[in-house]
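J.: What follows is each chain in one-letter form.
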Amino acid sequence: MDVKPPRSRLPMRARLATTVGSAAATVSRLAGKGDGSVIGGIIGLRLQPDLLSLLAAGRRVVLVTGTNGKTTTTRLITAALGALGQEIASNIYGANMEAGLASALSRAPHATLAVLETDEKYIPAMVKATSPRVVVLLNLSRDQMDRAAEIWLLARRWREALADAPGCRVVANADDPLVAWAAGAARQVTWVAAGQRWRDDSWCCPHCGAHLERDGDDWSCRECANRRPPVSWVLTGDQVIDPTGRERPLELALPGRANRANAVVALAVADVFGVNITRALRELRAVTSVAGRYTQVTRRGCDIRLLLAKNPAGWLEALDVLAPPPVPVLLSVNAQGPDGRDTSWLWDVDYRRLRDRAVLVGGERRLDLAVRLEADEVPFRLVNDIDEAVDLAGAASANLEVLANYTAFQQYRAVLGRAL
Amino acid sequence: MRSLRLVWIYPDLLSTYGDRGNALVLERRARLRGVPVQVLEVNSDQPVPRDGHIYLMGGGEDLPQTLATRRLQADGGLHEAVRKGAVLFAVCAGYQMLGVEFGGAEDQPVAGLGLLDIRSGRGERRAVGEIVADVDPALQVPRLTGFENHQGVTERGPRARPLARTVLGTGNGDGTEGTYAGRVLGTYLHGPALVRNPGLADLLLSWALGPLPPLPAEAEELSQRLRDERLAAAAAQQPS
Ligand SMILES: [Zn+2]
Chain A
1 MDVKPPRSRL
11 PMRARLATTV
21 GSAAATVSRL
31 AGKGDGSVIG
41 GIIGLRLQPD
51 LLSLLAAGRR
61 VVLVTGTNGK
71 TTTTRLITAA
81 LGALGQEIAS
91 NIYGANMEAG
101 LASALSRAPH
111 ATLAVLETDE
121 KYIPAMVKAT
131 SPRVVVLLNL
141 SRDQMDRAAE
151 IWLLARRWRE
161 ALADAPGCRV
171 VANADDPLVA
181 WAAGAARQVT
191 WVAAGQRWRD
201 DSWCCPHCGA
211 HLERDGDDWS
221 CRECANRRPP
231 VSWVLTGDQV
241 IDPTGRERPL
251 ELALPGRANR
261 ANAVVALAVA
271 DVFGVNITRA
281 LRELRAVTSV
291 AGRYTQVTRR
301 GCDIRLLLAK
311 NPAGWLEALD
321 VLAPPPVPVL
331 LSVNAQGPDG
341 RDTSWLWDVD
351 YRRLRDRAVL
361 VGGERRLDLA
371 VRLEADEVPF
381 RLVNDIDEAV
391 DLAGAASANL
401 EVLANYTAFQ
411 QYRAVLGRAL
Chain B
1 MRSLRLVWIY
11 PDLLSTYGDR
21 GNALVLERRA
31 RLRGVPVQVL
41 EVNSDQPVPR
51 DGHIYLMGGG
61 EDLPQTLATR
71 RLQADGGLHE
81 AVRKGAVLFA
91 VCAGYQMLGV
101 EFGGAEDQPV
111 AGLGLLDIRS
121 GRGERRAVGE
131 IVADVDPALQ
141 VPRLTGFENH
151 QGVTERGPRA
161 RPLARTVLGT
171 GNGDGTEGTY
181 AGRVLGTYLH
191 GPALVRNPGL
201 ADLLLSWALG
211 PLPPLPAEAE
221 ELSQRLRDER
231 LAAAAAQQPS
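Protein sequence lines, in the order shown, are assigned to chains A and B.
Residue numbers for the first sequence follow our numbering, so the first one is 1 and each next one is one higher.
Residue numbers for the second sequence follow our numbering, so the first one is 1 and each next one is one higher.
Just so you know, the hints here were simulated from the structure itself, not pulled from any lab data.
Ideal Cβ placement from N, Cα and C applies to all residues, glycine included.
There's no promise every hint is true.
Okay, the calculated bits of chain A under chain B, using three or more residues with CB under 8 Å as the criterion [said to hold, decoys possible]: (1) 150 to 163; (2) 195 to 205; (3) 342 to 348; (4) 363 to 370.
Below, a sample of chain A positions facing chain B; criterion: calculated Cβ distance under 8 Å [to be verified]: (5) 209; (6) 282; (7) 283; (8) 375.
Sample of chain A residues lacking proximity to chain B, with all beta carbon distances greater than 10 Å (derived) [to be verified]: (9) 58; (10) 230; (11) 384.
From just these sequences and the hints, can you work out the full model?
T.: Structural data, given as structure tokens:
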């Protein structure tokens, strides 16, 4: 094995680019503007446009993408591969476009492994730039439509990129027909039965457009040969079944079906790298929060749990995770750039199951959500901020569940303290 | 009419932007007036019922748009319903499909359903953002507020009228927004266009049901607040 640290092989100009980039990142961090990973990467890439390829050369790279669960799965894979005892480069702050990836690699010059969360739209370019050992495809559904992410088109681009990357193994969710179709073009695929809660973007065959037959998680096209591939990893309830047929309980600290699915994907990736599965599972159980998600924090005597979900599929999964009534729930929605400026997606979520519990509505676009809940006959109260919600919740319960989209989540996190 | 039948056409192909909202708003506003409502969701592998009162079509990507057009053409149910006087409300991709022709994948012209005298193609730039437009005074509907997200440009023939004149946003691309002819109405206000425009929802309901009594003020309060907020935000966004 080649143990020469990758950075020493970088050409002079690239080394300068990473040094200047990381200096800029430090300045940005000191100035209090986030973790600095994006600005560092942007400056580095400006000095050396093929910086990412240079930084990735000689490393074993895992790219993780999908509409939902990227950040958590990246964290889980990093945890599982930790069993190898090697340094791992990862963009743990969720900066998942080219600059974020470059910055993650330049900050860990000696890491021979890299686990990189990657924006869905950047997968074709990032596959080219990093020659990944593994690409993880989690799921594909409607998200931030005002950025024109047309998902059939996106699936086609993934498919073309993977057909063009013969050295790469794809770990893909067989239960998502769009993902399965995209991954089907790759030479080597590990199929995972990770489930699909949200189906409203995959009623029709991405190959020929005919209606899909659905039977539980199984699916097949009525017109062409496209069907759910045979799987080697299965999530069933809280159990994972590995390719040898051995069943183990997951028993994660992270809540919800979606996270169990993410964990099974992480195990499948760990297996590609030869990690002992029992050992990897122990690492996954030790993950208790991811970038502030799922952590409990106490404010004015109320235990608050923060959940982040950004799109209809994410909200559907998150509504499943909520503690049961009488614990009140605060729903919060913004429509800033990172959220998508369009709130139409609120109408794709079914809120009727909230009818019998206390619901509070906050965020900059609370009126959009209020009108939506009114249509579903869900009673609610409007609140201006987290403290008003805590005061209203405190009367009935010592707990509050908070479900927010991206910038609404970050605003609450800032109020509740960076300790999250 | 014993009950109002709403037919939502092809949610499996044409529902990408919260299109369910339009069905929910029509349903709510009819029920609040004591009219029972039946909502039929018709997927693209099912026949389109011919006896609906209001038909809804939503947005979709290029490929589903072309597939949906082919299936509706072969089915014939929608054409027959419109011939018999049903109301048809279509949004975005659905709006373009109603025309004589629209631009499919790679902007290849695709023959539309021919229910509106319009032709659509691809514009230079994608129009994304808030849209405000003043409705044809003949329709007596207040100013439209909505969100658009499309790259379409739509031209009208002599047998169709623009729904509105744009104040902010792109719409059809010529200073107008949407088209109507008889009881067929299409718009680029995507997703739940009727949520912020209850007046437009009531226009469709009145075409199907006849004159409508107003709703009690408390039933209108939230949607009115949302409407005011969005119109104020759009006014702040406009160059003065
Ligand atoms: Zn097929």
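J.: Looking back at the numbered hints, which does the structure fail to meet, lowest number first?
T.: 6 and 7
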